[in-house]
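Chemist: What follows is the residue order along each chain.
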Amino acid sequence: MTALVQEAGTSGPEGAAEKVLGGERLDFSEAWALYEGAPFHVLGRLAHAVRLRKHPEPAVTYVVDRNINYSNICVCGCRFCAFYRAPGQEGGYVLSREELARKVEETLALGGTQILMQGGHHPDLPLSFYEDMLAFIKGRYAVHIHAFSPPEVVHFSRLENVSVKEAIARLKAAGLDSIPGGGAEILVDEVRRSVSPNKCSAGEWLEVMEEAHRQGLRTTATMMFGHEEEPRHRLEHLFALREVQDRTGGFTAFIPWAFQPRNTGISRPAQTAVSYLRLLAVSRVVLDNFDNVQASWVTMGPKVAQTALFFGANDFGSTMIEENVVAAAGVRFRLSAEEIRRIVEAAGFAPRRRTMDYRWIEES
Amino acid sequence: MNDFLPPSLDGGYYEKLGLGSVCEKVRAGERLSLEDGEALFQCSDLGAVGALAHAARARLHGDRAYYVLNQHINYSNICVNGCRFCAFGRERGDAKAFELSVEDILEKVRQRLDEPLAEIHIVGGCHPGLPLSYYEDVLREIRKLRPAASLKAFTAVEIAHFARLAGISTLEVLLRLKEAGLSMLPGGGAEVFSPRVREILCPRKIDGREWLRVAGEAHEAGIPTNATLLYGHLETRRERLEHLAALREQQDETGGFTCFIPLPFQPANTKVTGVEPTTGVEDLKTVAVSRLMLDNIPHVKAYWIMLTVKLAQVALHFGADDFDGTVIEEKIGHMAGAESEQALTRSELERVIREGGFRPVERDCFFNAVAASGSAA
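Respectively, the protein sequence lines represent chains A and B.
Residue numbers for the first sequence follow our numbering, so the first one is 1 and each next one is one higher.
Residue numbers for the second sequence follow our numbering, so the first one is 1 and each next one is one higher.
If you are wondering where the hints come from, they were derived from the structure by calculation, not from laboratory data.
Zero decoy hints are in this set.
The list that follows gives simulated cross-link-like pairs (lysine-lysine, DSS-like), each with its CA atoms no further than 25 Å apart:
#1 A:K54 x A:K19
#2 B:K108 x B:K144
#3 B:K16 x A:K54
#4 A:K19 x B:K16
#5 B:K108 x B:K96
#6 A:K172 x A:K138
Could you put the whole structure together from the sequences, leaning on the hints where they help?
Modeler: Shown next, in the form of C-alpha cells:
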C-alpha cells in the first residue's frame, strides 16, 4: 500500500482526487497534478468513478458502421499520415458512385445504421461534389451520414470561397447528419505547425464544431496523441474542448487515439498501453461535460480496449466494417459485432448497440 | 493507499465491492483462502482487484520490473503425449515433425554468441526415442560454448518422461542433468492440476501430483523451478484457484519455485473446440489473483508472447514483476496463434517497462540482477 502513497506525493494529486470524487471541476493545474502524479490505479479509479456516475447502468455501447474514405488524394501532406496520396501520385483514388453505393449497401446488409465518411483534401472537387454525394446517398438509403471532419469543411469552404457557416449549412441541407471529430490531432497550433502545417488551425477546428452545434448538428471530438506534442499540450486540448462544450453541449463523445508511426514521416515509438490508459483516464475526469468516452480497439487491440472500460471508457466504438487509415500505418485489428459483444460481456457489462448520438437501439 | 485516497474510495470502497476482508488480509500480509480468490475473480471492478495485487507486488519488488536476455530453443516437436490443447506437438513421421541434433542446437547457440545472453531456455516434446545422453550432451556442449549463461531446461513432464524411457528414477535423471550443467527447470507442463480437466485434455501426461513431486524433488536436489498455469480452456475458476493452492502448499514444503507464469490458452490450431480466446480482463484478473494467492512465490511473470506486449505492460500494474525476455524463435505459442511480435529488442523492452512506470532490471534466471547491464541501476 505504501508504494502507492509514495508515488503519489502528498499534496497535488490528493486534492485533485478529492475534487473529482466530490463532482467538482478540475482546473489545469489540478488536472496536471493527476496526470503527472497520480498512481496508475488511482487515476483509473477516479475515471471509473466518473464513468459510473454518468452511466450507472452497467452497459457499454458500440455502433455498427463503416468508414468510407471517398478519396485519399490530399494536399495537406501531414507528416503523421500513412494514408494519403499527393495529387498526381500513383495510388490516388476518388470513389465512384457505384463503389459508394455498394459500400453503403454492404453496411446496411450487415445491420449497419451509419456511415463515417471522410477523405483527403482534394485540390479540385467543388462543394457541389460533396453535396451531390450526400444527396445521392440520402436519396437511396435510410442511413445516418457522419461525415467531413472540420479540416475538410474548412478546405471545402476555402476552395468554394464561402464561409464555414455557409458550407455547413449547404452540407446539412444536402443530407449531412453529424460531423466526426477527426483532424483534431492536437489542438495546439505550435504542434500543428510542425506535424500538419497545411491543415486548419486549432481555432478553426473548434469554430467548425461550434458552428455545427449552433446549426443543430452533433459532433464527436478526437485527439491523436503521442507524436511531437508535449504532455501538457494534451491537457490544453482537453480544456479547449471543454470550453466549447460548455457553450454548445454539441459534442457526443471524446475519442483519443494513439499515433501509429509506421509508414509515416514521424519516427517515434508507438504509445504504450499504460500511456494510453492514463491519457484516457485523465480525459474522463477533465471532460466533465462530455457524456461519453470511447475506447480505441483499432489502435490498442481488443484486450487493452476492454481494460479501458475500467479507465473511463463507456463506449467500444465501431465494428469498423472497413478501416483504411490506421491500417495504412500497419495496425490491423478486426472485430465483429458478435466479438465486441463477447468482450463487453466478459468485462461484466451489457453490450448495447447505439446510434451516432448514443441512443440505444433495441435488439429485435 | 489510505493516505492518498479519500475514505469513500478506500476501505469503504472495498467493503462495498464485497472485498473488505480480502483488503484487510492483503494489508496485513495474511494468506488468502480459495473463497477470497473467488471473491476477487467475481469482483466487478477490475481496477480494485489490480490495485490490491499491485500493493502486494510493490511490497515485494518496489518499482522494479525484471527482464532477461535469453534464447529459446525447442529441440523437437515430436511428442508421445498428444495433448489436445497443443498446436506444437507432432507424431513421429508427420511432415511437420522436426528433431534437432546436438550439432543443430549448438549452431543455434553459436549464431548468437556475440549477445550477452543470461539464459538459454530449452524445452521440447516428449520424444519417444532420444536417450538421456542426448540431453546430457546438449547441456554439456552448450555449457562449453556459453559458460556464463544459465541453462533452464526440461519441464517436470520431460524429466518424468526421460526417467521412464531410461528406466531410472526422476531423481537420478535430475542429478545426471544437473551434473551436465542444468541450472533450473522451466515451469511448463503444469497446465491445470485438476484431474477432471487433465483426463480430457492431456490424459497421457503425468498427473498434477506427479508434476508437483518432480518439482519438489528438483528443489531438494538444489535445482530451482518455475511453475505455470494454462488457463482459459475447460477449467473452472475454482480449479484455477485449487491449482494455485497446490503450488502454494508445495512451496511451503520445498521452497524452490522462483517464478509463476500464468499462460492464457490460445485455441487456434488446437483440438480444443468451442473455446474462445481469453479476454484482457480475464488475463489481468488471473495475474492479479495469482499474485495475491501465491504469497510464498517471489515472482509473477507477464509473458508477453502470450499476452501481447501492450497487455503485458499493463499486467505490471496487476501483480506481475517480470517481463520475460527478448525471446527469439519462440514456436509453441505462435503456432497456436499468439498475435504478439516474434522478438523484442532490449531497448524496446526497457522503453516499454519505463513508460509503464517501472524501473527495468536485467536479471538472470534466478532473478539476480545482471551487474554488467548498464541499465540495471
